[in-house]
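A.B. asks: First to last, the protein sequences are chains A and B.
Heads up, the first sequence stops at 245 in our numbering, and the numbers go up one at a time, no gaps.
Heads up, the second sequence stops at 1245 in our numbering, and the numbers go up one at a time, no gaps.
Hints listed in this document are in silico derivations from the structure and should not be mistaken for laboratory results.
Mixed in with the good hints, there may be bad ones.
[Said to hold, decoys possible] Label-pair distances were calculated between CB atoms; the ranges are:
hint	chain 1	residue 1	chain 2	residue 2	range
1	A	ALA78	B	ALA1222	28 to 34 Å
2	B	GLU1094	A	GLY149	31 to 37 Å
3	B	GLN1081	A	SER183	49 to 55 Å
4	B	ASP1136	A	SER183	26 to 32 Å
5	A	ILE70	B	ALA1222	33 to 39 Å
6	A	GLU243	B	SER1183	25 to 31 Å
7	A	GLU73	B	ARG1102	32 to 38 Å
8	B	ASP1136	A	GLU178	25 to 31 Å
9	B	GLN1226	A	PRO84	55 to 61 Å
10	B	GLN1081	A	GLN218	38 to 44 Å
[Unchecked claim] Residues of chain A clear of chain B, computed beta-carbon distances all greater than 12 Å:
hint	residue
11	VAL8
12	ASP11
13	VAL89
14	GLN90
15	ASP105
16	PRO120
[What the hints assert, rightly or not] Below 27 Å or equal to it, Euclidean Cα-Cα: the simulated DSS-like pairs (lysine-lysine) are:
hint	chain 1	residue 1	chain 2	residue 2
17	A	LYS118	B	LYS1005
18	A	LYS164	A	LYS141
19	B	LYS1002	A	LYS118
20	B	LYS1074	B	LYS1042
21	A	LYS177	A	LYS164
22	A	LYS164	A	LYS212
23	A	LYS42	A	LYS30
24	A	LYS2	B	LYS1030
25	B	LYS1118	B	LYS1134
26	B	LYS1002	B	LYS1074
27	A	LYS134	A	LYS212
28	B	LYS1134	B	LYS1074
29	A	LYS118	B	LYS1030
30	A	LYS118	B	LYS1074
31	A	LYS5	B	LYS1118
32	A	LYS5	B	LYS1042
33	B	LYS1074	B	LYS1118
34	A	LYS74	A	LYS2
35	A	LYS177	B	LYS1002
36	A	LYS74	B	LYS1134
37	B	LYS1005	A	LYS134
38	A	LYS134	B	LYS1042
39	A	LYS42	A	LYS74
40	A	LYS74	A	LYS118
In this text, a Cβ means the ideal position worked out from N, Cα and C, and glycines have one as well.
There are 2 protein chains.
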Amino acid sequence: MKRVKLIVAYDGTNYAGWQQQPNAVTVEQKLNEALTDLLGEKIEVIGASRTDAGVHSLGNVAVFDTDTRIPAEKISYALNQRLPDDIVVQDSCEVDADFHPRYCDSIKTYEYRILNRKFPMPEHQRNTYFVHHKLDVDQMKAASSYLVGPHDFKSFCSIHAQVKSTVRTIYSIRVSKEEDIISIRISGSGFLYNMVRIIAGTLIMVGSGRIKPEQMPQILAAKDRQKAGPTAPAQGLTMIGIEYL
Amino acid sequence: MKRVKLIVAYDGTNYAGWQQQPNAVTVEQKLNEALTDLLGEKIEVIGASRTDAGVHSLGNVAVFDTDTRIPAEKISYALNQRLPDDIVVQDSCEVDADFHPRYCDSIKTYEYRILNRKFPMPEHQRNTYFVHHKLDVDQMKAASSYLVGPHDFKSFCSIHAQVKSTVRTIYSIRVSKEEDIISIRISGSGFLYNMVRIIAGTLIMVGSGRIKPEQMPQILAAKDRQKAGPTAPAQGLTMIGIEYL
């Protein structure tokens, strides 16, 4: 028996998110089907980030246990033959039996992309959120700096989420603009439900002049979801990768 | 009566190319339908670049004549409401009645994109061509320089094309690499059928070590399609834009 770790990239457009669920096609389900078919054993992966419907990934992590004699490094190649084109395993390797993708300490990185121009551009349609009024990137940068560090992010968490603590640590936020695309790249110890999309939605309000950067401490202190901006749409969000410590 | 010029961006994945044809959905057809619906007159656009099935565009050009009272600048907004998400008009303006998108002198720019890494990446699947063996970009750059200038590009033209002359002028070719994407950007007075894709296919052979840069003059001189590399797949090609002189 060995435990195998996969790095999984996907275009989330056609999936109802990561997590297996009845009456919907999910990334986890496609992986389980392909692995079960490849290895001839019933496989159920454990995913690191259970991304929502429409969210993309360059490097989500999943593990599973198997008795196969296929070397772990070879699994990626054989698995990609059995997966649809919009899910591609980037790497497979053996890990310790006690490695767990959610419970081991890690730095997770997400990126939210905004296409900011007069008209949408088809080539960016699937993985950006289109905003046509001009956003002030400097104001968005200024606002983002208030979020770095350990904070209670209750104001940035969807209200139906049930978690013991809403304290999380953001290690870095980088807001940058290249041509017409504004990227918000966030690394942290972990994220609450919809937290990155609510941060993105709030920074878009800042870029639009509807929230001032100096209001960010109050929004955090309020611990009230109503004080932050809207949840930005799923298609702008990409899970970049996870570094285990 | 006025003549209106459109700048048209599209994701070519779901279209049988630009040009209207029976039993297939094309970009030209979608534009004609949307314009006819918007303006209440039968409209047939004239396109600058009749891109092939699967080829994308950031800035193809089309014109049409109309009696509408809608100001030319407003047409883009109303038209985008009637077009599918993968076709977006970027600009509309009035032009002289004798302006013709194909017969007026212009500099056309295309880009061919190659995703060069171990495994495909879903976010780039629709507008790159995936090559997994490592390409030598310096060799590709060296080879591309031989193509700049006026040349008889008969070796780089699909054999069923019927044109009077196969001489064309390439003003510039820039081969560059950013992360895993190699871009070949070519500007010229005009291009023969499949010319950019055959140049891309030939430069991929060079990057693979199967053709030497110094062989390029011979390939040009042969005036023989068999001497150049294969026609690279359509999905890697994007029509960037057209500058009228």
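A.B. asks: Each hint needs a verdict: does it hold in this structure or not?
C.D. replies: These are the hints, each one checked on the structure:
no., hint, verdict
1, ALA78/A <-> ALA1222/B: 28 to 34 Å, "42 Å, violated"
2, GLU1094/B <-> GLY149/A: 31 to 37 Å, "55 Å, violated"
3, GLN1081/B <-> SER183/A: 49 to 55 Å, "29 Å, violated"
4, ASP1136/B <-> SER183/A: 26 to 32 Å, "30 Å, holds"
5, ILE70/A <-> ALA1222/B: 33 to 39 Å, "48 Å, violated"
6, GLU243/A <-> SER1183/B: 25 to 31 Å, "29 Å, holds"
7, GLU73/A <-> ARG1102/B: 32 to 38 Å, "53 Å, violated"
8, ASP1136/B <-> GLU178/A: 25 to 31 Å, "27 Å, holds"
9, GLN1226/B <-> PRO84/A: 55 to 61 Å, "36 Å, violated"
10, GLN1081/B <-> GLN218/A: 38 to 44 Å, "39 Å, holds"
11, VAL8, "10 Å, violated"
12, ASP11, "4 Å, violated"
13, VAL89, "7 Å, violated"
14, GLN90, "5 Å, violated"
15, ASP105, "27 Å, holds"
16, PRO120, "5 Å, violated"
17, LYS118/A <-> LYS1005/B, "18 Å, holds"
18, LYS164/A <-> LYS141/A, "30 Å, violated"
19, LYS1002/B <-> LYS118/A, "25 Å, holds"
20, LYS1074/B <-> LYS1042/B, "19 Å, holds"
21, LYS177/A <-> LYS164/A, "36 Å, violated"
22, LYS164/A <-> LYS212/A, "30 Å, violated"
23, LYS42/A <-> LYS30/A, "13 Å, holds"
24, LYS2/A <-> LYS1030/B, "54 Å, violated"
25, LYS1118/B <-> LYS1134/B, "8 Å, holds"
26, LYS1002/B <-> LYS1074/B, "14 Å, holds"
27, LYS134/A <-> LYS212/A, "16 Å, holds"
28, LYS1134/B <-> LYS1074/B, "48 Å, violated"
29, LYS118/A <-> LYS1030/B, "21 Å, holds"
30, LYS118/A <-> LYS1074/B, "13 Å, holds"
31, LYS5/A <-> LYS1118/B, "18 Å, holds"
32, LYS5/A <-> LYS1042/B, "59 Å, violated"
33, LYS1074/B <-> LYS1118/B, "46 Å, violated"
34, LYS74/A <-> LYS2/A, "14 Å, holds"
35, LYS177/A <-> LYS1002/B, "39 Å, violated"
36, LYS74/A <-> LYS1134/B, "19 Å, holds"
37, LYS1005/B <-> LYS134/A, "25 Å, holds"
38, LYS134/A <-> LYS1042/B, "36 Å, violated"
39, LYS42/A <-> LYS74/A, "19 Å, holds"
40, LYS74/A <-> LYS118/A, "46 Å, violated"
Violated hints for the displayed structure, listed by number in ascending order: 1, 2, 3, 5, 7, 9, 11, 12, 13, 14, 16, 18, 21, 22, 24, 28, 32, 33, 35, 38 and 40.
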